[in-house]
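Top line first, the protein sequences correspond to chains B and D. For the first sequence, our numbering gives the first residue as 505, with consecutive numbering after it. For the second sequence, our numbering gives the first residue as 325, with consecutive numbering after it.
No lab work stands behind these hints, which were simulated from the structure alone. All C-beta atoms, glycine included, are put in the ideal place defined by N, C-alpha and C. One thing to keep in mind: the hints can contain errors.
Below are the DSBU-like pairs computed for lysine-lysine, each with C-alpha atoms no more than 30 Å apart in a straight line [said to hold, decoys possible]:
hint, chain 1, residue 1, chain 2, residue 2
1, D, K676, B, K698
2, B, K651, D, K447
3, B, K612, B, K560
4, D, K537, B, K651
5, D, K676, D, K352
6, D, K327, B, K694
7, B, K694, B, K560
Covered stretches of chain B, as calculated for chain D (at least 3 residues, CB under 8 Å) [stated by the list, open to error]:
hint, segment
8, 540 to 547
9, 612 to 618
10, 663 to 677
11, 684 to 693
The chain contents come next:
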Amino acid sequence: MNTSTVYISHWCSIEAGEIKRNGEILFSKESEEIELNDLLKAYYREKNISYPKFFKMDTLSKLAFIGSEVLLENIELEKPNLDVGLVLSNSNSSLESDKNHCESISDKDNFYPSPAVFVYTLANICLAEISIRHTLQGENAFFISEKFDAETMWNYTQYMFETNRVNRVICGWVDYLDGGYKLVFYLVEKQGNKQHTIEELQNIFN
Amino acid sequence: MKKVYINKANCFSPLGFGINDTWNAISKGDSGIRKIEKLGEIEDFCAGIFKENIIEETFAHLNLDSNTYTRLEKLALITLNPIVEKGLISSRTALVIATTKGNIQELEKGNLNGASISLLASKITTHFGFKNQPIIICNACVSGLMAVATAKRLIQMNQFEDAFVLALDEITPFVVSGFSSFQAMSKEVCKPFDKSRTGINLGEAAAAVYVSKEIKNKDSFEILGEASIADANHISGPSRTGEGLYLSIQSALREAEISSQNIDVVSAHGTATLYNDEMEAIAFDRSGLAEKPVHSLKAYFGHTLGAAGLLELIVLMESLKNNKTIISKGFEELGVSIPLNITTSIIEQDLKIGLKTASGFGGSNTALLIKKVLENEY
Numbered sequence: 505m506n507t508s509t510v511y512i513s514h515w516c517s518i519e520a521g522e523i524k525r526n527g528e529i530l531f532s533k534e535s536e537e538i539e540l541n542d543l544l545k546a547y548y549r550e551k552n553i554s555y556p557k558f559f560k561m562d563t564l565s566k567l568a569f570i571g572s573e574v575l576l577e578n579i580e581l582e583k584p585n586l587d588v589g590l591v592l593s594n595s596n597s598s599l600e601s602d603k604n605h606c607e608s609i610s611d612k613d614n615f616y617p618s619p620a621v622f623v624y625t626l627a628n629i630c631l632a633e634i635s636i637r638h639t640l641q642g643e644n645a646f647f648i649s650e651k652f653d654a655e656t657m658w659n660y661t662q663y664m665f666e667t668n669r670v671n672r673v674i675c676g677w678v679d680y681l682d683g684g685y686k687l688v689f690y691l692v693e694k695q696g697n698k699q700h701t702i703e704e705l706q707n708i709f710n
Numbered sequence: 325m326k327k328v329y330i331n332k333a334n335c336f337s338p339l340g341f342g343i344n345d346t347w348n349a350i351s352k353g354d355s356g357i358r359k360i361e362k363l364g365e366i367e368d369f370c371a372g373i374f375k376e377n378i379i380e381e382t383f384a385h386l387n388l389d390s391n392t393y394t395r396l397e398k399l400a401l402i403t404l405n406p407i408v409e410k411g412l413i414s415s416r417t418a419l420v421i422a423t424t425k426g427n428i429q430e431l432e433k434g435n436l437n438g439a440s441i442s443l444l445a446s447k448i449t450t451h452f453g454f455k456n457q458p459i460i461i462c463n464a465c466v467s468g469l470m471a472v473a474t475a476k477r478l479i480q481m482n483q484f485e486d487a488f489v490l491a492l493d494e495i496t497p498f499v500v501s502g503f504s505s506f507q508a509m510s511k512e513v514c515k516p517f518d519k520s521r522t523g524i525n526l527g528e529a530a531a532a533v534y535v536s537k538e539i540k541n542k543d544s545f546e547i548l549g550e551a552s553i554a555d556a557n558h559i560s561g562p563s564r565t566g567e568g569l570y571l572s573i574q575s576a577l578r579e580a581e582i583s584s585q586n587i588d589v590v591s592a593h594g595t596a597t598l599y600n601d602e603m604e605a606i607a608f609d610r611s612g613l614a615e616k617p618v619h620s621l622k623a624y625f626g627h628t629l630g631a632a633g634l635l636e637l638i639v640l641m642e643s644l645k646n647n648k649t650i651i652s653k654g655f656e657e658l659g660v661s662i663p664l665n666i667t668t669s670i671i672e673q674d675l676k677i678g679l680k681t682a683s684g685f686g687g688s689n690t691a692l693l694i695k696k697v698l699e700n701e702y
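Based on the provided sequences and hints, a complete structural model is requested.
Here is the structure:
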């Protein structure tokens, strides 16, 4: 098959109290013990991001949102944008918000299910938050896999380039459960330093 | 890119087990939706819930240990079993699973690990002896349809030679209480696109197809085109202009290299909520589909969430195969701002190309076009 050559132009990670972009530490909190919510809020404030919806999001969406802010820093995207794809994945789906919703319905004397919580009990909502932020009206999909599935992510992304559905794709992994978290996002486009290969994806992820 | 075909299918819904039972029930106008007195803390609503014990009874035919599998896993095995032949699973065969909530019942029992969707997928993989890690789509209510599109794409990329696609979700106090908090649930059988509609009925089902590069039988369907494009508008409400659905339909038509005029019949998402139905009417009209026969299947088995797109695609395949349109149950008087040709009687005519659409939370949309394989192609 004639495979389009595309590149990983930027990548970022949020893990163990550190926010990195293209391999360099952009932001960190001295204590690795910092809770994810606090780390994300600290970054939001330091960067003077003005997006009040951020505070309504569940933690998974906050994580994905900040991940996209880091990845797309200094990158101008047209609004609306029909040519940017968005493909995310994780292992624990929306289990953290699932737990919260579950708690709200577990006791019949204290029964308080809320639409604001329930809507986050879908893994793809964190993807929707990014698409709303940047008005990305391109292809999108949310995958679940026990571990980061570099091969499927690569093929799905390449497919979109080869069928001319996109000129950029935001890809990655965003996982949060019980205080444990990991985010790795990368931007695939027609120019860049790293070639988009399964091996590079594994390198970036690890 | 290489063409990809749907060769085999099966489904299990409150309407019945297997495609024949499902199709016959729909042809007779039956509904699997019934009154539910109480589920969890929610009382008095209508939903497409399996009759008690029917899953257990059907599962018993598989001669497996009943205690090893959850209710949803049993539903998965029962549904996939008839189309998985020994020898069809190679090292290049994928299993693609679509679900919104998987074994969320386990979380309600306090078993967090048991609610893991990857664990559910892994149990199905092991049971059938699939040789690759499962691909799992969790994209709200478009999941089932997106899973077929994903299988097609990964086959076209040569990651796999063929794929089994399974879409499933069940009704639990978890989802019922959630949808109820949105005030969106109907106390009667739903009426998609109708003026006096009263909201959605939830449903539960499993549906499965076998997809490959080859035409395997004369009842195969070609996947002509597909796309999944988001509204980027609101996390829980659809776009007022139907933007994402419109763009998805356009992109699917582009891939198929056909115009909307070539479409014979449209299977809408049609949840019978005001916002969804209106959004779809606008998107169909913008796509030049306002005069095409459109139906929603939600009044037959409810909104089966992650299973909906695939279950309804399978029913659409039957409609094309039989050259008969499907009555859009529950519809009497137009309740959207744009006139659509909602089907109110079975019309027998030559049907070749069908469009299936789905939309869901997160502003997600999927459009998928299928075409009946002609006898000389097989």
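* Asked: Under a C-beta cut-off of less than 8 Å, do 3 or more residues of the segment 612 to 618 of chain B approach chain D closely enough to confirm the stated coverage?
  -> This one holds; 4 residues, not fewer than the three required, reach chain D with a Cβ under 8 Å.
* Pair hint outcome, K676 (chain D) versus K352 (chain D) [Cα-Cα no greater than 30 Å] -> 23 Å, holds
* Between K537 (chain D) and K651 (chain B), does the CA-CA distance stay at or below 30 Å? -> 28 Å, holds
* **Coverage claim, chain D over the segment 663 to 677 of chain B, checked by counting residues with Cβ within 8 Å (three needed)** => holds (count 4)
* Asked: Does K560 (chain B) lie within 30 Å of K694 (chain B) when you go C-alpha to C-alpha?
  -> 35 Å, violated
* Asked: When you check the alpha-carbon spacing of K327 (chain D) and K694 (chain B), does it fall within 30 Å?
  -> Roughly 26 Å between the alpha carbons, so the hint for K327 (chain D) and K694 (chain B) holds.
* Proximity test - 8 Å, beta-carbon atoms, the segment 684 to 693 of chain B to chain D, at least three hits -> With 0 residues closer than 8 Å to chain D, the segment 684 to 693 of chain B misses the three-residue bar; violated.
* Asked: Three or more residues of the segment 540 to 547 of chain B near chain D by CB distance under 8 Å?
  -> As far as the segment 540 to 547 of chain B goes, the hint is violated, because 0 residues have Cβ atoms under 8 Å from chain D.
* **Pair hint outcome, K651 (chain B) versus K447 (chain D) [Cα-Cα no greater than 30 Å]** => 16 Å, holds
* Regarding the pair K676 (chain D) and K698 (chain B), is the alpha-carbon distance no greater than 30 Å? -> Given pair K676 (chain D), K698 (chain B) is violated - Cα atoms ~46 Å apart, limit 30 Å.
* 30 Å Cα cutoff - pair K612 (chain B), K560 (chain B) -> Holds, at roughly 26 Å.
In summary, the structure is inconsistent with hints 1, 7, 8, 11 from the numbered list given earlier, while agreeing with the others.
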